[in-house]
Amino acid sequence: AQSVTQLDSHVSVSEGTPVLLRCNYSSSYSPSLFWYVQHPNKGLQLLLKYTSAATLVKGINGFEAEFKKSETSFHLTKPSAHMSDAAEYFCVVSEGFGNEKLTFGTGTRLTIIP
Amino acid sequence: DSGVTQTPKHLITATGQRVTLRCSPRSGDLSVYWYQQSLDQGLQFLIQYYNGEERAKGNILERFSAQQFPDLHSELNLSSLELGDSALYFCASSPSGLMNWRNTEAFFGQGTRLTVV
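Chains as they are written, first to last, in the working numbering: chain A, 1 to 114; chain B, 1 to 117.
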């Protein structure tokens, strides 16, 4: 069975400082991993995805994530936070191989302090 | 704009009623997924259709049903509504329902906010 655990329900950072959103996953196979962002009253937008190619994945808006199999982690980072980054972030896993559904974490709400 | 269209955007209805949520996938996408987002349950996978056929089923109640039509749009039917069914319902589409996600991604609509009173 596949699952993800987002270790922080809420993260607050000051504008211009680094962002770290933590995610651990569990999967029976080599999973695909995603980060989605949801702005208030908006749909879900894909930030980046890992699909067994390079372990360091670059996404949109300056975000990147590193897949670490030994730690079963897929943490999301950004060097410098912008006010527009304030949103809910979801770590997502999909095992594939007959289990195509996306399993979402509980989300991390990112607040940017001016 | 993801290219996935959901209607209506908002829906308010009474307990015991039945509603239909509609989803138009991106042009050319064969797979449609339905998700429910509520405060207590988070984002839960309900059901997937691929090219008109049910492909996978998640935590979907028996009071809920879905279908995908020949033109690939999908409808989610919710009946005997209860207060606890109030949630944001998302539809997502992807190009295929192949056995892995390595060469594809899911595109989400803006959601339908259902309020049961």
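Hints in this document: simulated from the structure, not taken from any laboratory.
It is possible that some hints are incorrect.
[Claimed, not checked] Derived contacts from chain A toward chain B, CB cut-off under 8 Å, selection only: (1) G43; (2) K49; (3) F63; (4) K68; (5) T106; (6) G107; (7) R109; (8) I112.
Built from N, CA and C at the ideal position, the CB exists for glycine as well.
To see whether the hints hold, each was checked on the structure:
{"no.": "1", "hint": "G43", "in the structure": "4 Å, holds"}
{"no.": "2", "hint": "K49", "in the structure": "6 Å, holds"}
{"no.": "3", "hint": "F63", "in the structure": "15 Å, violated"}
{"no.": "4", "hint": "K68", "in the structure": "19 Å, violated"}
{"no.": "5", "hint": "T106", "in the structure": "5 Å, holds"}
{"no.": "6", "hint": "G107", "in the structure": "7 Å, holds"}
{"no.": "7", "hint": "R109", "in the structure": "12 Å, violated"}
{"no.": "8", "hint": "I112", "in the structure": "23 Å, violated"}
Of the numbered hints given earlier, the model fails hints 3, 4, 7, 8; all others are met.
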